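Here is what each chain is made of, one letter per residue.
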Amino acid sequence: MRLNLGDTIVAIATPVGSGGIGIVRISGDDSVKILSKIFKSVNDNKKVEKIKSHTINYGYIYDGDKLVDEVLVSVMKAPKTYTKEDVVEINCHGGIRAVNKVLETVIKNGGRLADRGEFTKRGFLNGRIDLSQAEGIIDIINAKTDLGHNRAIKILEGSLSNAIKEYREEILLMIANIEVSIDYPEHELEHENNLETEKKTKVLIKKMEKLISNFDKGKIIREGISTVILGKPNVGKSSLLNNLVGEDKAIVTDIKGTTRDAIVEYINIKDIPLKIIDTAGIRNTEDIIERKGVEKSKEYAKEAELCFVVIDISEKLEDEDKEVLKIVKGKKVIVLLNKIDLGKKVEVKEIEKYVDKEDIIEISAKKDIGLEKLFERLEEKFFDGDIDGDEEIYISNRHKQCLVKAKMSLETVIESVNMGMEEDLLVIDLKDSYDSLLEITGENLGDNIIDKIFSEFCLGK
Amino acid sequence: MSYIADDVDVIVVGAGHAGCEAGLASARIGANTIMFTMNLDSVALMPCNPNVGGSSKGHLVKEIDALGGEMGKNTDKTFIQSRMLNTGKGPAVYSLRVQVDKVAYTIEMKKTIENTENLILKQDEVTNLIIEDKKIVGVQTVSGAIYKSKSVVLATGTYLNAKCLHGSTVINSGPNGLAMSIKLSESLDDIGVKKYRFKTGSPARVDGRTIDYSKMDRQDGDEKIVPFSFENENIKLECEQVPCYLTYTNEETHKIINDNLSRSPMYSGEIKGVATRYCPSIEDKIVRFKGKDRHQVFVEPEGLNTNEMYIQGMSSSLPEEVQIQMYRTMKGLENCRFTRTAYAIEYDCIDSTALKLTLEFKEVDGLYSAGQFNGSSGYEEAAAQGLIAGINACNKALGKESIIVDRSEGYIGVLIDDLVTKGTEEPYRMMTSRAEYRLLLRQDNADIRLSEKGYKVGLISESRYNRLLEKIKNVEEEKERLKTVTVPPSEKLNNLLEKVGSTKINTGIKLNDLIKRPEVNYEMLEEFDFNRLPLKESEKEQVNIQIKYEGYISRQLKQVGQFKKLESKKLEENFDYDQVENLRVEAKQKLNKIKPENIGRASRITGVSPADISVLLIFLEKARQEKSKKTDA
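Chains A and B, in that order, are what the protein sequence lines are. Numbering follows the numbering used here, in which position 55 of the first sequence is assigned residue number 61; successive positions increment by one, without gaps. Numbering follows the numbering used here, in which position 404 of the second sequence is assigned residue number 596; successive positions increment by one, without gaps.
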């Protein structure tokens, strides 16, 4: 990971899924240059460089020849901007997919996905924002180092991280091969020629493409931890669901369920993607205690990775509640004692017979009490390795962007080989690719190459 | 008895590759300088390999020359074989490597030093540093003589507390049986300098008459000789080149080594120094790379007036009788006789993070150090540091500004920045992979990068500087011109293009674009280009490289822009990082230890993360805003 202070950063400035319009914001020296590569004004003759500062312009974003979205663009030249750098804002109209696509196009053309709080940080460091506004930046950065860093690593445990490690290892070996032939020219080493580098690079590009397309197809982001909300009627399952998918939460997408009649809601809680199966049965009919309902609950519970069991704490514990608790025995469960605002007639001890104490949380879904505790517990469970999602699920947009960049650098390597460039020049893009992969885990390149050289090759006087 | 023997501006302790550059630079700029050496016949001694240059080391020599140092010129005077390596791997990694006549190298360097004004070369052992109020005021020699000075450069190489070993034989001496020095090392303890113990080694020398060269592969020098010194640019250097030879170890060699491993002081625990991975002994290679059934061994002449041959690749600390057995297993060496036995050497060096980028000790004003004493390995690495330490020690004495070469300006910058920012836990060798902007740091443009600095400091003459300015101007003009000249398609041109494997043209094309094709170069288009400026060889080379790799070069220049931004964010020298609340403990400790001059350097310290840097920047900006508010009020 590099220390970047002056490069050009980009991010979606509006919360994802909060409405039809999304703003992609770019800041840095290359903002206008990048825009000029991807924006066509409706007035065909109007060059981006000629656009007046602080005006709004109507036109289209193109990714090469491909139309991405119809947009309004404002160009704001330094220093009268939020960051005191050149800033470009692209208002997209085409929904989440289009906003993401525009973001990607900007990254492809030289932007770097901004870190959390990075626009504010820049504004502050450039003397634009004053002290009071800047409060909290440090918290954000600290969060990133401590919890955030560990989380990144933990998230990466699993197949994605293995894949990325594998790519990194392969790139590193290619670099080391070239470096060693340069640093020890007189030694006979089985160093690779450009064609072999090209071959290996091509294989790697294919692999990356596959991983990226997984994301594009929606598989990765949509496959959250499959979660089911269980409970007898009227305990507040719907309220809970509404609370979880409420406006302030990031709804990733919602599509009509393809299996049975269930509706699937996708949400992100503290960066943990959840696929909540809201059974049609639960919604439409209140017959869960019927035999059929119990059977269905069993079925859902069986398939789910995580179960939320909702119990009305303001009423006495009934057999039906116990029935549900029995169903989820041995599963990963969080029991939510709902309606705490209406009184407490259920003792936690009664539930402890079925699940661990830590997994019992008192809430009020309607009054928004205790939800934070639920999130925290969820996070604990998630990061303790308690809950596992399906393969390759935890690829975030950031991961994807890093992968796209890594892949682009590799494509340049191929281009260079085709142009007949010497091996030293291939290293430049191989390193860039390696760097992009490192960004995913926030590590430093450091002496990796040199270590690799001396662990793989025999040299000396 | 102690007495005051002299009072000068600068004292240089040691006359190896670092010491020579330091002494010469200091005297040439104009400071009264004394150089001390333990033995006047071992000035600029090459106790190990008989060559100069090679990958990245060749770059260092070119840069030393561009700044006005001596190594390149001395090498041009004394080389006996010259090769340009890596020519097919890209312009940035072309590496000049030459064999030199060791004795001639010493004699020529000594002659130059003896004929330099303001410079006295003296045989004596410096035993004490005299420091008052954290400031160096002079040194004391073994006989008690006190030499006062305004600054001192320590360039003692591998002589501090040195110990040579092979098998159970332990000799308390420096390389080549030269006397070592204990007292100076102890005097460093008095000023609280943290020391390391490093280890390196050297192979045996063999009587050339006992080698059968017919059984080995012969390696000759290049026909076209490229000089190291830019002063010899465009001049044809004459040299009767001598060959080197190549042979290999084999299973038998490896068996002898394996059978006797326990007798190596490295494995018995006798050697405590940290060895470098960059030049392992033959036993190390065999242990670490078991799968390899042979290793290359190069046989290189030590000079023209000697039969001694250097056996590169066979450094060892096994007992002498085992060494001779294993050497004799190799083709061509069956009947060889040793003139010198291979050995390992252990020595004291310092933790180089005690130094500033100027190579001055943070804790002792006016005290500088360079070379293997700082934990590096190699003649070229030593010379590069010696030059910078010498310039800065001299400028300190004369009350002038110090100079720094940064990472974007040269390998010298990378070397010194790595040493003083990251430190090193094994002898540090320069490598191209350590330079992040290496496409810009080519050996062909070292003069363009650094000679202005050399001129300003007073080591590059007015006439040489003017020649450089003219070179730059010619290259720029020619590049501009080539952008404007269009050549029409013609049979002749298309024949040429076809011949070199490039695609033919149907319409006119700019010369600039034609040169960008990998198969085409500036030179070959001469007959299609009627208004060429009469350029020198070196200028043509620049035009060609700068046009051909323009895309990559401009990308790296952009990265350098980023780099410079961070380097220009200055940090206070005495800033206490403990006051930055949110900084992690490790970062605080490291920053307090290194005391980086700027944010860029702070970010390169091992253990300081990008997030730490953000925290620091925010703290500093906060402080600035608070301060300006107060002044407003």
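Hints should not be assumed to be uniformly reliable.
[What the hints assert, rightly or not] With a straight-line Cα cutoff of 35 angstroms, these simulated DSBU-like cross-link-like pairs (lysine-lysine) come out:
no., chain 1, residue 1, chain 2, residue 2
1, A, 413, B, 761
2, B, 814, A, 58
3, A, 90, B, 822
4, A, 56, B, 757
5, A, 114, B, 708
6, A, 413, B, 269
7, B, 819, A, 205
8, B, 675, A, 39
9, A, 212, B, 484
10, B, 756, A, 107
11, A, 53, B, 484
12, A, 39, B, 822
13, B, 428, A, 86
14, B, 822, A, 53
15, A, 56, B, 750
16, B, 592, A, 114
17, A, 90, B, 702
18, B, 484, A, 171
19, A, 107, B, 757
20, A, 53, B, 750
21, B, 702, A, 208
22, B, 548, A, 52
23, B, 822, A, 437
24, B, 708, A, 206
25, B, 484, B, 302
26, B, 761, A, 83
27, B, 302, A, 107
28, A, 208, B, 696
29, B, 484, A, 46
30, B, 750, A, 216
31, A, 86, B, 757
32, A, 308, A, 335
33, B, 822, A, 205
34, A, 114, B, 327
35, A, 213, B, 708
36, A, 413, B, 708
37, A, 413, B, 702
38, B, 326, A, 208
39, B, 814, A, 83
Keep in mind the hints are simulated off the structure, nothing from the lab. Everything numeric in this text was worked out from a predicted model, so none of it was measured.
Now for the hints, and whether the structure bears them out:
1. Restraint check for residue 413 of chain A and residue 761 of chain B: the C-alpha separation of about 33 angstroms stays at or below 35 angstroms, so the hint holds.
2. At most 35 angstroms may separate the alpha-carbon atoms for a hinted pair to count; residue 814 of chain B and residue 58 of chain A meet this at roughly 33 angstroms.
3. Restraint check: the Cα-Cα separation between residue 90 of chain A and residue 822 of chain B comes to about 23 angstroms, which is no more than 35 angstroms; the hinted pair holds.
4. The hinted pair formed by residue 56 of chain A and residue 757 of chain B meets the criterion: a straight-line CA distance of about 28 angstroms does not exceed 35 angstroms.
5. Restraint check: the Cα-Cα separation between residue 114 of chain A and residue 708 of chain B comes to about 25 angstroms, which is no more than 35 angstroms; the hinted pair holds.
6. Between residue 413 of chain A and residue 269 of chain B the CA atoms are separated by roughly 50 angstroms; this puts the pair beyond 35 angstroms, and the hint is violated.
7. Of the supplied pair hints, the one linking residue 819 of chain B and residue 205 of chain A is violated, its CA atoms being roughly 59 angstroms apart against a limit of 35 angstroms.
8. With a CA separation close to 23 angstroms, the supplied pair residue 675 of chain B and residue 39 of chain A stays within the 35 angstroms bound.
9. For a cut-off of 35 angstroms, the pair hint linking residue 212 of chain A to residue 484 of chain B stands: about 33 angstroms separates their Cα positions.
10. For the hint pairing residue 756 of chain B with residue 107 of chain A, the CA-to-CA distance comes to about 33 angstroms; that is within 35 angstroms, so the pair holds.
11. With a CA separation close to 62 angstroms, the supplied pair residue 53 of chain A and residue 484 of chain B exceeds the 35 angstroms bound.
12. Between the alpha carbons of residue 39 of chain A and residue 822 of chain B the distance comes to roughly 40 angstroms, so the proposed pair goes past 35 angstroms and is violated.
13. Between the alpha carbons of residue 428 of chain B and residue 86 of chain A the distance comes to roughly 60 angstroms, so the proposed pair goes past 35 angstroms and is violated.
14. With a C-alpha separation of about 46 angstroms, the suggested pair residue 822 of chain B and residue 53 of chain A falls outside the 35 angstroms cut-off, and the hint is violated.
15. Of the pairs offered as hints, the one joining residue 56 of chain A and residue 750 of chain B holds, with about 24 angstroms between alpha carbons and a cut-off of 35 angstroms not exceeded.
16. Note on residue 592 of chain B and residue 114 of chain A: the hinted pairing is violated, with a Cα-Cα distance of about 49 angstroms set against a maximum of 35 angstroms.
17. Restraint check: the Cα-Cα separation between residue 90 of chain A and residue 702 of chain B comes to about 41 angstroms, which exceeds 35 angstroms; the hinted pair is violated.
18. Restraint check for residue 484 of chain B and residue 171 of chain A: the C-alpha separation of about 27 angstroms stays at or below 35 angstroms, so the hint holds.
19. At roughly 31 angstroms between alpha-carbon atoms, residue 107 of chain A and residue 757 of chain B fall within 35 angstroms of each other, so this suggested pair holds.
20. At most 35 angstroms may separate the alpha-carbon atoms for a hinted pair to count; residue 53 of chain A and residue 750 of chain B meet this at roughly 24 angstroms.
21. Distance hint between residue 702 of chain B and residue 208 of chain A is fulfilled; the C-alpha atoms sit about 33 angstroms from each other, no more than 35 angstroms.
22. Restraint check for residue 548 of chain B and residue 52 of chain A: not satisfied, since their Cα atoms lie roughly 53 angstroms apart, outside the 35 angstroms limit.
23. As the CA atoms of residue 822 of chain B and residue 437 of chain A are separated by approximately 47 angstroms, the hinted pair breaks the 35 angstroms bound.
24. A distance of roughly 26 angstroms separates the Cα atoms of residue 708 of chain B and residue 206 of chain A; the hinted pair therefore holds under the 35 angstroms criterion.
25. With a C-alpha separation of about 43 angstroms, the suggested pairing of residue 484 of chain B with residue 302 of chain B is violated against the 35 angstroms cut-off.
26. At most 35 angstroms may separate the alpha-carbon atoms for a hinted pair to count; residue 761 of chain B and residue 83 of chain A meet this at roughly 23 angstroms.
27. Between residue 302 of chain B and residue 107 of chain A, the direct Cα distance comes to roughly 69 angstroms. Violation of the 35 angstroms bound is thereby established for this hinted pair.
28. Between the alpha carbons of residue 208 of chain A and residue 696 of chain B the distance comes to roughly 29 angstroms, so the proposed pair stays at or under 35 angstroms and holds.
29. For the given pair, residue 484 of chain B sits about 60 angstroms from residue 46 of chain A by alpha-carbon distance, which is inconsistent with the 35 angstroms threshold.
30. With a C-alpha separation of about 32 angstroms, the suggested pairing of residue 750 of chain B with residue 216 of chain A holds against the 35 angstroms cut-off.
31. Distance check on the hinted pair: residue 86 of chain A and residue 757 of chain B sit about 21 angstroms apart at the alpha-carbon level, within 35 angstroms; holds.
32. Between residue 308 of chain A and residue 335 of chain A, the direct Cα distance comes to roughly 10 angstroms. Compliance with the 35 angstroms bound is thereby established for this hinted pair.
33. For the suggested pair residue 822 of chain B and residue 205 of chain A, the alpha carbons sit about 63 angstroms apart, so the restraint of at most 35 angstroms is broken.
34. Using a Cα cut-off of 35 angstroms, the hinted pair residue 114 of chain A and residue 327 of chain B is violated, with the two alpha carbons roughly 55 angstroms apart.
35. Simply put, residue 213 of chain A and residue 708 of chain B have alpha-carbon atoms about 32 angstroms apart, close enough for the 35 angstroms limit, and the pair holds.
36. For the proposed pair residue 413 of chain A and residue 708 of chain B, the alpha carbon gap of about 25 angstroms is at most 35 angstroms, so the pair holds.
37. A C-alpha spacing of about 33 angstroms is found between residue 413 of chain A and residue 702 of chain B, which places the hinted pair at or below 35 angstroms, so the restraint holds.
38. The suggested pairing of residue 326 of chain B with residue 208 of chain A is violated, with an alpha-carbon distance near 60 angstroms, which exceeds 35 angstroms.
39. Taking the CA atoms of residue 814 of chain B and residue 83 of chain A, the gap is near 25 angstroms; set against the 35 angstroms cutoff, the hint holds.
In summary, the structure is inconsistent with hints 6, 7, 11, 12, 13, 14, 16, 17, 22, 23, 25, 27, 29, 33, 34 and 38 from the numbered list given earlier, while agreeing with the others.
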